[in-house]
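Per my numbering, the sequence shown runs over residues 867 to 1115.
I should point out that these hints are in silico values taken from the structure, not numbers from a laboratory.
Note that the structure is a prediction, hence the values are computed from the model and not measured.
We put the beta carbon where it would ideally sit given N, CA and C, even for glycine.
Hints may contain errors.
Label-pair distances were calculated between CB atoms; the ranges are [stated by the list, open to error]: (1) A1057 / K924: 16 to 26 Å; (2) D1064 / L1024: 16 to 26 Å; (3) R942 / T1028: 22 to 32 Å; (4) D902 / R934: 17 to 27 Å; (5) N1015 / Q1110: 39 to 49 Å.
Here are the simulated lysine-lysine pairs, BS3-like style, with alpha carbons at most 25 Å apart [to be verified]: (6) K924 / K949; (7) K973 / K1066; (8) K949 / K973.
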Amino acid sequence: MNRFLKRSLLLLLLLGLLAVPEHVTIAQDDAQAQLDATAAAMLELQSFHFALETTAGKTVFQDAVELRGVEGDVVRPSDFQAKVSVHVAILDLTLEVVGLDGTIWVKNPIGGGDSFIQLTGAGSEFDLPPMDLINPDALVQSALSFLENPALAGTEDLDGQTMTVITGTFDPSRLVSTGTPAIEGEGFTIAAASEPLDVKLWVDDQDRLTRIDFVGPLFSFEEGTGRIVRSITFSNFNGDITIQNPAAS
């Protein structure tokens, strides 16, 4: 075999190894198209119900408070109401949190009756979990907008419906997260985790997101604490949701 033929065969071999198969490119395009459609469908919603659960590991912040779960409603553009289940020392508590026009209120869980405390301003005694978990709207929008390496992973049945499944990775640094609203300059900032995490999404036949799982830490204080998985489900899309203003009660 002459030298020219050897070089030609070597070049063809390298091109074959480096070339991306056409079916892979098409699959990636299909996954991105579905992701874009889901992001658009979710952005068009005026309201939805959500439930967040830590299905593996623990979310412990301030070295003392464990977040067990969150369930509530979001009314765009920024209002929400949520019941936040936490474990503190030997106590299991449910915090009722309301956000209206950028102001956060929480009902006193111990001997406070029906009274709410406004967390904007001086004198708050509460440190809430990261706000992106209490109101996951920004977290989900960021994941849909910045999901990397999206891939279609077939279909799965969820609550009796066939869902399209998308997988990918998400860089938590895309999400700017803050904790309790700043109180006279003494608020704290929660930093994003340093590594991307795996994400799995379930999408219905109207391109709406019905569930999303985050596998890995979202925040720096969770790094090194073991495997953690959070699942957020969505329902009651554009339902008739009314959030009462605590200031009027």
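Hint-by-hint comparison with the structure:
1. Judged by the Cβ atoms, the range 16 to 26 Å given for A1057 and K924 holds: they are separated by roughly 19 Å.
2. About 18 Å separates the C-beta atoms of D1064 and L1024, a value consistent with the hinted range of 16 to 26 Å.
3. Under the hint 22 to 32 Å, the C-beta atoms of R942 and T1028, about 28 Å apart, fit the expected range.
4. The beta-carbon spacing between D902 and R934, approximately 34 Å, falls outside the hinted interval of 17 to 27 Å.
5. About 43 Å separates the C-beta atoms of N1015 and Q1110, a value consistent with the hinted range of 39 to 49 Å.
6. Straight-line distance between C-alpha atoms of K924 and K949 comes to about 18 Å, which keeps the hinted pair within the 25 Å bound.
7. For the hint pairing K973 with K1066, the CA-to-CA distance comes to about 34 Å; that exceeds 25 Å, so the pair is violated.
8. Proposed proximity of K949 and K973 is supported: the alpha carbons are some 10 Å apart, at most 25 Å.
Taken one by one, the earlier hints fail for this structure at numbers 4, 7, listed in ascending order.
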